[in-house]
Each structure stands twice: as structure tokens, then as C-alpha cells.
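**Student:** Given next are the chains, with one letter for each unit.
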Amino acid sequence: MTNKNYAMTIDLQSCIGCSSCAVVCKNENNTDTGMNWMHFIKNESGTFPNVSYEYIPALCNHCDNAPCVKACPVTAMYKDENGLTLHDADKCIGCKACMASCPYGVISYNKKDPHDYWSQQESWSELSATPAEVQEKSGAKLPYYNPERDYNYEAIRYRGIVEKCQLCDHRLARDEQPYCVTRCPSEAMYVGDLNDPDDKIHQILSDDHKTLKDELGTKPKVFYVRNFK
Amino acid sequence: MKLNRRNFLKASALTGLFAAGATQTKPVLNAFSTKAQASEENKPQGEWIASVCQGCTAWCAVQIYRIDGRATKVRGNPNAKANHGHSCVRSHIGLQQVYDPDRVKQPMKRTNPKKGRDEDPKFVPISWEEAMDTIADKIIELRENNETHKFSVWRGRYTALNGILYGAMPKIIGSPNNVSHSSICAESEKFGRYYTERYWGYADYDHENTYYEIFWGGDPISSNRQVPHTASIWGDLKSRAKLACIDPRFSTTAAKSDEWLPVIPGEDGALATAIAHVLLTEELWYKPFVGDFKDGVNRFEVGKTVNEDDFEEIQTHGVVKWWNLALKDATPEWASERAGIPAEQIYRVARDFGRAAPKCISFSSPGSSMVVRGGYTAMAQAALNGLVGSADNEGGVICGGESCPVNDFPEFESYIDSIAEQGNSMERIDHGGRLEFPALKDSKSGGVKLTNTVADAILNQDPYDLKVVLSYWTNFNFSNQGTERWDEALAKIPFMVHMTVNPAEQTHFADIVLPVPHSMFERLSPVRGSNGNLHTHLHMQNKVIESPFDIKVDETEIPWMIGEALEKKGFSNLIDYFRNEFADPETGKSPENEEEFNEIATKMYTQPLWDLSYEKEGDKINGWEELKEIGTWNSIPYRFRQKWDGNWGTETGQFEFYSETLKAALQEHADKHNATIDEVMEAAMQTERGEMAFVPHYEPAYRVGDDEKDKYPFIFSEHRSKLNREARSANTSWYQEFKDVDPGDEAWDDVVKINPKDAKELRIQNGDNVKLTTPTGTITVKAKLWEGTRPGVVSKCYGQGHWAYGHIASLDRKKQIARGGNNNTILAPVHEAMSGSGARHGGQTRVRVEKV
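Top line first, the protein sequences correspond to chains A and B. In case it helps, UniProt numbering puts the first sequence at residues 1 to 229. In case it helps, UniProt numbering puts the second sequence at residues 1 to 852.
Hints listed in this document are in silico derivations from the structure and should not be mistaken for laboratory results. Every value quoted in this text rests on a predicted model; they were computed, and no experiment measured them. Some hints could be false.
To be verified - Only pairs whose alpha carbons sit at most 20 Å apart, straight line, appear in this in silico EDC-like list of lysine to aspartate or glutamate: (1) B:43 / A:169; (2) B:815 / A:122; (3) B:620 / B:645; (4) B:238 / A:54.
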């Protein structure tokens, strides 16, 4: 099987700036509060009434020339055969060199074990349950835990390692789009294979597009198409 | 299998070690189950179960991804044509609501008889049996004392099953006081469409065929209406159509529109009438709809009266009267002075809008009409769709839609005994229909039941007090303007039952607290929303998960159990109605318990949709099980122009610019009070008199505190959030973590947005704590300097300021410290009286901003 060369497109004209992508990413990847593989950049400018606003969904750019991969001393950050920049939790020593090197600030470090809230034994009020009770009744560490993430990555990470967007490589492996793409209500996003001349990504990229901080030579693979306004 | 950390953990998860609260760091190796095997094989592990999201009034059909009995994901139901597989960001937040440990876990009762904001209710757990027994005692007491009218059911959000708890039950007990939240939702917007084309409901819009849209306070990619559908076509819409957003706040829709008109709050009516003025003076009205001057010469000239006989109308009634009364002097220059928008921008919007006729949309929303004098503004917005011929036309506006046949619940008249009959005949508690509150829904005086007046009624015992209140899906001392009044009123009610998902501010005043389902995950019920994407529909909520909480369904199961408790005490009419009149449409079996009752009621209501023997135009669904599985029934797409040629349903049969329909309704209301229509207009806070009452016209904004501008120098303007599930989602981390997705707002906070020029004068910087004081109340929040609001107007989002909702929404439970501040504490309890609406928008209050 020939290798793929995955890239993402985000059509900013269609984007409604709603953060669905960021919220559902947490849902798919079981990330805890403050750990966001997908987030956003907001640019506001001008003075009343001539103001402008731009919302840019921001995630790992899966750079072809990825600084995090170069910085990692233990090859926990690596480029896979399909062009993805991936993290191997088993190899990670939590040195944060990748975080320091990433110009996009999209790698997070686990200072503590995620979702420890759910083991708390105290209830908020005499009317309420304890988090531990709800955890027990649901039967999972995180009641809305997604076990499918577990196929090829730690489904919930742990204290002392970093984590970041894997471009839902578990979903791509079964020919599904990443979860953020699938749930985007404005159908603004797409992941395609640049190696496949028939992939619709080439059509999408025939519109005006840009990447973030491409002047740094990172060769980002997330392409922003058209403008938010 | 590689023995790495992940596989260790997988094993330990399956043994339930996590549930016992053990740490992750010392996993135990164990046998792998089929689920673990599925992970190995990268297969989907769950199934999608149909349900409905009720996080806003779009009521989208969704599906829930269930794995091992857990709800893990949400998506739009692909079978539903209104949202075709899409759902908005709010739907996902539901996952954190349903599993919120702060929810009410089991029935509770108050043990501290004293009530007040400062009193600890001292709730203790009770059984469902004790709760029902106590409630039944209170109802029996009312019946013995012939004061059943002092029984009241309060409804917030609801499903189609509300006809049992909210519809039948109060009548059988004997009370006219079923009070809904509808009047604080969007009734004024409906007033506009009703008195032009006689439709009291939400409109649908043909976005896919339109070339110009004016959004009146509308932010349809963020909040009402039909967000997922609008979002899904937004990229194309922007390429095809021009968009103008009229909103005091720089919303995302404003940011993405071609024109932003940051109107001075409450002055939208000036813009709407000026746009109409330009359409007429510049001959841009759509002649195949409105008609033309008989000789083809346009006589609509600034300031000049036109002879009615010179114009021949086609679909409409009264265009010349409207011009003569309200439009001839309403130039963009005139509007500019009022609305704070440059005249040239008003001209440009009006001209581009008119040139797109008839494929252009004037899109009303509560932001510009839930305003003290906003009824006539809504009418003007609706009338614009008449002028450009987009009413009931392709690329335009749909008011009504195709039929979605459902059954009524069985008649209950014969279960109303003489005690109940006397109670039912008493005056209503809510003041709707009084001289000052025409509340003219469906042409009826008092057709809308007011919500916010109930607090005044209780406080003043006018017309009487309430003694037993069953309240569900509500939080009235949070969601109504003037919350402190509500705290006092609730403290005066001797017995109040709060049926609620989360403990809420209203719960603090409850005598009994009953845990109820989160509607998206934990109950079976039909939801009949308004149409979207040209289709009318009914969606099904399924009981997707077994709740971790000890819940009963508020609208069916609890009334059944109260009925059983009442029967034991000698009053069986309620349970007799349920047992005798409800029967499974397939087996004929009567319900024997509350769960069967819920299912049978749902089945009866929806029978026309799943029973193929009923004739209907839409999906063919073969049987009850199939309806639950598919989760939705869709009508055929709307066939346009059904109302054209005399079928508008108005008094004249035409689309009315001069509303004979409103004239008749107002006359009836005036006659009821032996008053003139002018006296009604005065009592209802309107400034115009005479025939102006019957046409869409400009009314100047009304602001509490206008007579003390020195004391309250700013206009307070509120808006909605993309993440608000009607102010019920603030206790989730996803809400707080992404709150800055609302332009100008901050994550984990609730800021008041101030123009930097004003802030400079006040020496206020970003992040300063500021006190907002109005004649109604005070809140303290953080300041945010923001260019998206005009100098003189401060803007703040609704949804936070919960002092008793959970560990995220509320910062300190004991001290009742909220995260942020509730706008309704400083908003005045004022109304849009013509429609009977609570008026929260339009800068209804002035405010003082002080650094603390």
C-alpha cells in the first residue's frame, strides 16, 4: 500500500467560529480541562464601528519539517509513514523539549493524572452526588470516556508526559475523518491525501489559502482556505 | 499484544478498578474482554441512538453514541431533514450536563421552615413515596378549602408531553394557573408576524435561495434559529448573498456580514421604517406582490400623503395607509438620528435589499423585539417581507409550514368536578389580559400568560396568593428580570416543589426537590419543534442511558404518582383520567404504572406518524419501534405560496400592512375594559395614538433610569452565548473553557464589555472588577475593554451569575458567590405589553459602572 501524505484544510469562510471542533476533540480524545489539542486564535482589530474579527481553529500543524520531532531526545515525537506528526506515550520522558520547540504552542504537558476530579468523594451539596458515585455508576473513569481512542494511543494520558493532536490517526486508519472534521457544523474542515491526485483536497486548495508561520520553514500541513470575514 | 502501559490500563479499567477509585499508576493485568478486543481491531464500539437536543428552541434531532450503556458522543440525526446530521457546539456540552455529579441525586425535603436567600433550606433525603404523599396532602387541603386556584404549575422548557402535567393536571385539580416561561422567550417576535400574516410561531427561512438577508439582532450561526442548518450552508450563503447584521453588539454574524449596523439598543424600529420608506420612495417594492399605482407613476415622495384610491394592491392590504401614517417622514436621515447609524448605510442596505426582491429575507429575532416597545418593531420587520414579496415565497420567509399530524391528548372535561370547576373559573394569577397587558396572542386579550408578573402577583396578593406550586424545568428567580423580587416572592409561597436536573437558584426556596431526567439522554418523549430547512417535523427523545440519579419524568411519571397518592386520600379524578382515557393504540392496554403511562402517552400522541393507516404527506414510518429507531418524522418540503391569493388568514385575507386583525383584537381588549384603544396604548406604554396602533411604526426606546441619566449614564445591552444551553450549561468545564468563543468574552469568566473610550474616562482597565448598578439591582463583574460595543452602551452576555448551580457555575456555595453576575439581577422587570413578553433587550435599563 502506498503511503499517504495527509493534510488538513479549514475553510475560514464557512467557519462560524463556534469551537465545536475544540469541544469535540476533547470528547474524542478524553482530554482533561486545560489540555486542548484543538483550540483557536482570535484576532480582533479596528475601532468602533470599523472593527474586524477573525477566528482561526488551531491545532498541531503536522509539519513536514517538525521542530518537535527534531527536539525530542527519545524519538517519542516522530513522523509516521503517512506524514503525521505523532507522539508515542511509551517513549515520552516528559522533558518538554517538544513544547519549547513548537512555534504553535499546541503541545500540552500532564502535570497530574487527568480526570482525577472523578475520583473525588465529596459532593458539592447535600442534594448532589459525589463524582466518584457517578464514575462508579457509569462504569468508566470518565463517564463519557471514548475507548476507541485506545486503539493506537493512550486513551487517557498520565502524569509526566506530553500530549497533542494525533489527527485522529485511529479514525484515519479506518477511513474516517478526524472527529473535529466530522462534527464541524459548517463542514469547513477536511483531511485529504496530497499524494492522491484524485483527492478533493487539490480542488479545495485551488482557492486562496495560507498556513500559519510558514516563514519559519516548518512546512505546516494545515491549510487555511479563504477568509473568515 | 504489546504489554505497554495502555494495555495494562485497559485491563484494569475492565476490572472496575477505576470505579473503586484506585489510582492509575498500579494497574492489574487481567483478561481482555470483547470491548478491549474491539480496541485492538479499531472498530466502532457503540451504537447511535436517536434523541433530541433541547439546548435552545431549535430542538434539533440528534443521536447519542452509546457504549456499554454510557452516553459518549452526540451528533445530528442524519434522518432529520431540518438539520441533516449537523448539530451545534451546544449539543456536545449536554454530555457534561447529564453526568454532572452536582445534579439532584434523589428526592429531598426542606427541614428549615424559614425561607429566604439567607436561610439554609437544610434539605434531607426522602423517598419518592413520602414526597408524593406530602404533595397530595397539600393538594387535598386546597380542595377541602375550596381554593384550588391557588395551585399552580410552572413550566420552563418542555416536550410534547407537557399536555399532561401542564395542560390537564391543573384543570383537574381546579386551577387556571398553569404558567409558562414562553412570555420571556420570544413572543414579541411572533406578534410581528401574526399581525401581518396571522402566524404565531417561529419562522423558517429559505436561506438556500436568497440573495440578501437582514438579521435583526439575529445571530443564526450562534443561537436561534436553526443553527446547525444555517451553519452548514453558511459558506455558500456568504458567496451568494449579501448579509446585513443589525445588532448593538459585534457578534460573529456581524463579523461575517457585509454590513454591520450597530444600532443604539431599542431603536431598531427607526431602521425598519426607514428601510420601508426607501423601498417605497425608490420604487423598489415588489410589484407582483404589493401591486402598483394605477397609472404606474410612483407618488411615494418624502413627506407627501398619497391617495389610497391611486394604488391597487394584489396580495397586501393598506400599503398607502401605512405610508401616510408611519412612513412618509421616516427618512434614513430621520432614522440616523435615532438609531445612530449613518444615513448612507441605511440607504445602501435598503437599496440592496430591495434590488434582491423577492429573494431576500428580513430575519426577526428576540434581540430586536423583546424590547419594551418592540412589538411594533417586530411588525415592521415582518412587513418588510411583504414589501419585497418574500413572504411565503422562494428565497424568503415561511410562516407555518406543512402539516405534521399528531393526536391531542384525551379529553379531560368529565374529570373536572364542581370544586375544580369553581377554581378554574377564578381570575388568572398572571395579569395577562388586564388593560395594561393586552398580550394579544392569537387575537385574544390575555392570549399570552405572563411569567414575570407572577412575582408581583404573589408579593402583592393581587389577585390572590399561591399556596401550592409544582415547578419544572424552571429557574424563575434566575431567568426573569428583577430576580430579587422573585427571591422574595418564592419565600412567600408556603409549598413549592422544584423538579429540576441541577439544584438551581429556585431550588433554594423549595419545600420538596425532585430529580428529573436530562431530556436528551434519560427519557422517552416526543418533541415537536418548529420547522427548519423547509420541513416540519417531530423528533423522538429516547431513554438512551440508565440514569446515575434516582429520577422520574416530570411531565408524566410524577403526575401519575401524584394521582396515585391523591387516590389514597379520596380524590381519584386525576389517576382515573390517566387510567381510563390512556390506552396503548396497538394493544388497547391501559397503563398500570408511571413508566407505562409515559410510553403510552408518547405512543398515542405520535400515532398518526408511525401508523401507516393515517394519511399524511411526508416520511413513511412503519410502526412505533421504527419511529423510536429513526427518531424523526419529516414532512414534505414546504410548497410555497399557499397563503397567497386570499389565504393569509387575516381579517382582510391579505398580507396586512394596515392590520385590521390587530385593530379587531385591540378593540376587543379595549371593550373588555370599557376603554378606548388610545387608553390601551397608553396603559401598554406605547407613545403613539390613533390609527398608528394598527400599522408597523417606530416607537422610541424605553429605558428604566432615563429620568436619572446623570446617575445611570450608560445603556445596558445584553446578548446570548454560543454555549448557553438556555443558562443551564454554566456548570460544565467545556462551557467555561471556551467561553471566549463569544467575541469579546473571556474563558472562565463573565465580563461586561465597555468601549475603550468610556473605560478611559472611568479609569477602568481590562480585568478590573466593576460594579454595575441599575435602579433594579447591582452585580459585580470583571471589565473588558472592547471595540465591539459603541461608547455609551455596555454589553454583557446572559447565562452566568449562578449562585447555587454547582461547583463550576458557583464559586462559593456557602457564601452564595456566583461566577460572574446574572444580568437579570440588574435588568428591570418591564414588558412588551402588546405581546405580553418580558422585555430583556433594547437597552431596557440604564446603568452606572464603577470600579471597585
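**Student:** Indicate, hint by hint, whether the structure satisfies it.
**Tutor:** These are the hints, each one checked on the structure:
1. B:43 / A:169: With Cα atoms ~13 Å apart, residue 43 of chain B and residue 169 of chain A stay inside 20 Å; holds.
2. B:815 / A:122: Holds, at about 18 Å.
3. B:620 / B:645: violated (32 Å)
4. B:238 / A:54: The given pair, whose Cα atoms are some 15 Å apart, holds under the 20 Å limit.
The structure is inconsistent with hint 3 alone, although it conforms to all the rest.
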